[in-house]
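Protein chains: 2
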Amino acid sequence: MNKNSKLTYKKAGVDIKEGDRFVDMIGPLVRKTFRPEVMTEIGSFGALFRLGKKYKDPVLVSGTDGVGTKLKVAFLADRHDTVGIDLVAMCVNDVLTSGAEPLFFLDYFATGKLRPEKAAEVIKGITAGCIESGCALVGGETAEMPGFYDKGEYDLSGFAVGVVEKKEIVDGSSIRKGDSVIGIASNGLHSNGFSLVREIFFNRKRMKPKSKLKETGTTLADELLRPTRIYVKAYHSLRKSKITIKGMAHITGGGITGNLPRVLPKGLQAVVAEGSWPEQPIFKVIKGLGNVPQSDMMSTFNMGIGYIIVAEESKKERIIQVLKKNGFDAYLIGMIEKGVKGVCYAKH
Amino acid sequence: MNKNSKLTYKKAGVDIKEGDRFVDMIGPLVRKTFRPEVMTEIGSFGALFRLGKKYKDPVLVSGTDGVGTKLKVAFLADRHDTVGIDLVAMCVNDVLTSGAEPLFFLDYFATGKLRPEKAAEVIKGITAGCIESGCALVGGETAEMPGFYDKGEYDLSGFAVGVVEKKEIVDGSSIRKGDSVIGIASNGLHSNGFSLVREIFFNRKRMKPKSKLKETGTTLADELLRPTRIYVKAYHSLRKSKITIKGMAHITGGGITGNLPRVLPKGLQAVVAEGSWPEQPIFKVIKGLGNVPQSDMMSTFNMGIGYIIVAEESKKERIIQVLKKNGFDAYLIGMIEKGVKGVCYAKH
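Sequence order for the protein chains is A and B. 662 is the number of the first residue of the first sequence in this note's numbering; add one for each residue after it. 662 is the number of the first residue of the second sequence in this note's numbering; add one for each residue after it.
Hints were generated in silico from the structure; no laboratory data involved. Please read all numbers here as calculations on a predicted model, not as lab measurements. Be a bit skeptical, because a hint or two may be false.
Repeated chains share a single entry, so a pair holds when one copy, or any two copies, can fit it.
[As the list claims (entries may be wrong)] Under the rule of at most 25 Å between Cα atoms (straight-line distance), these lysine-lysine pairs were calculated in the PhoX-like manner:
hint, residue 1, residue 2
1, K717, K827
2, K827, K693
3, K827, K715
4, K714, K828
5, K827, K714
6, K999, K717
7, K828, K894
8, K667, K1008
9, K828, K715
10, K785, K693
11, K667, K948
12, K774, K717
13, K828, K903
14, K717, K828
15, K875, K667
16, K774, K812
17, K948, K678
18, K948, K875
19, K667, K945
20, K828, K838
Take these sequences, add in the hints, and give me the full structure.
The structure is reproduced here in structure tokens:
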């Protein structure tokens, strides 16, 4: 560029027209997620959601998260329609642990140079996640930041808000010795541990996204990019069946080791029986190829359990039955004992 | 790293202990923003905020934004305590345009390698912005993403949620011909147009953050990093004075040209008198150094007006008076006329 030429915003790397084209492209997708409470059109300053009068003492539950370096796998595989599901899942599963109904979602998408078609794939995933979790995609920011991200790369963050009646909050405070710990199956790796995963498969083993993984019977990309499971329908099926749940944990970074204690009262530990749920092959592969110590595996990955429910022991069979009926494989994986707050692993 | 050595999460670039140290460091800052409605401690899965019973027909208003490439200026100047204010301002000013009271905020902070001290500076800015706008910082995600951001760099996004009674929503629908357009002074560039700003000062003119800018009497860094003004107290001072406001616009990317029409009903245009508010020197400098066309200036920068209020003509003096009394310089900058929805500039 001539140093004295006229400088406009487009020349400086930001193309507002491409941004507008992108907004037009995603409009129909986004509108599909709208619930009757959504009061605004796309493009307003703030997004309006009418909470209305049906709650007696509403408590808003919010959560934010990103997809982490799982995005790098999407870049490598040039596949962009699943990470949006991960993004929604990471946020709404967190919100769900309080017993809240997810209401709405907003996303932040940042890239060096906006490629509307590719970005629309990402938004497609986000809208799919929103529909699965019953929340409306009410807003989002598409940030074009020249010189910020490597070519073809982007970052994503999301934000979910839900609501729960104050007297129906699930917070783990009623958990007692003898309660049952029920694990719901994950959908593979979900969205955590990808720095380690990438180091193993792409750096150490020099594998490609299209490499076949014989243990899983899929390509590496298919296995690694399988989207994080959304557990909203799991909890709401239990609620509809009027089963009281005492505590819930979303198994993200930190694994069961790091996440289950977050809902335990002081003086109680969860004794979890390793091997009490079906082993998913991907974790065995990672452990073997990376020579990763078992304790690191347990405190990094979900190991096959994406969401945990703690309830009175007498309800365990009914819970597992209702979950299965609703398409969620669930297992009795442990129980609550007296002890220092934390997780203690026992052999099955 | 030995290709066959044991691989742990820390070796793969993610240090959970540094993350925990960071959380401990920011805890006291974050707690200072808490309002009585905040029901959760830092570190829970979802953040609980008790909306309670005081609203008859509550409408939740949410917004998300980032700081854009203004962050690059913060990196260059190695000054990280102001961009958090920008982040909050960008979100809460959007939420405010509906007449909502901001309630809570969540942030997403992503970096290649977490430097707790530097990240804590960013959070310090976020908490300052939250206190200024009266909202609680209820949650956040700190994402350490090795191989994602350049060394020492990070990205930021934020999410704000506010509430407004349905019958008190401000949405521009009652704006009529003859109404007054009142501009509230900006605090300089705010957070938009920085790709252009950086191109001019750092690439073309090879200036440094410490370079003195004679037109502003400050260093370049001081001028460019001055935080975005938060207008929450401006609107709430008008509300307390029981002055009816018909529409509000936050002047962000797109300038007055792009943002003011967002609140105008069909068939109405805003005639804005250029020169009816004090010129801020930074915009003159940018226009001159970059040889930027005036229409590009008006559709890229706030040009000295950060927030706009539209109200009945009879209320204009009172509005300006109340705003001034509350520390906000405000000017009558135009009026509403019949015409194609948009902004038409007239000479003062």
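Here's how the hints hold up against the structure:
| no. | hint | result |
| --- | --- | --- |
| 1 | K717 / K827 | both (8 Å within a copy, 17 Å between copies) |
| 2 | K827 / K693 | between (30 Å within a copy, 24 Å between copies) |
| 3 | K827 / K715 | both (13 Å within a copy, 14 Å between copies) |
| 4 | K714 / K828 | both (17 Å within a copy, 13 Å between copies) |
| 5 | K827 / K714 | both (15 Å within a copy, 11 Å between copies) |
| 6 | K999 / K717 | neither (36 Å within a copy, 45 Å between copies) |
| 7 | K828 / K894 | within (21 Å within a copy, 34 Å between copies) |
| 8 | K667 / K1008 | between (71 Å within a copy, 23 Å between copies) |
| 9 | K828 / K715 | both (14 Å within a copy, 17 Å between copies) |
| 10 | K785 / K693 | within (11 Å within a copy, 39 Å between copies) |
| 11 | K667 / K948 | between (57 Å within a copy, 10 Å between copies) |
| 12 | K774 / K717 | neither (47 Å within a copy, 45 Å between copies) |
| 13 | K828 / K903 | within (14 Å within a copy, 36 Å between copies) |
| 14 | K717 / K828 | both (10 Å within a copy, 20 Å between copies) |
| 15 | K875 / K667 | between (58 Å within a copy, 23 Å between copies) |
| 16 | K774 / K812 | both (7 Å within a copy, 20 Å between copies) |
| 17 | K948 / K678 | between (48 Å within a copy, 22 Å between copies) |
| 18 | K948 / K875 | within (15 Å within a copy, 61 Å between copies) |
| 19 | K667 / K945 | between (59 Å within a copy, 15 Å between copies) |
| 20 | K828 / K838 | within (23 Å within a copy, 50 Å between copies) |
The structure does not agree with the numbered hints 6, 12 stated previously, though it agrees with the rest.
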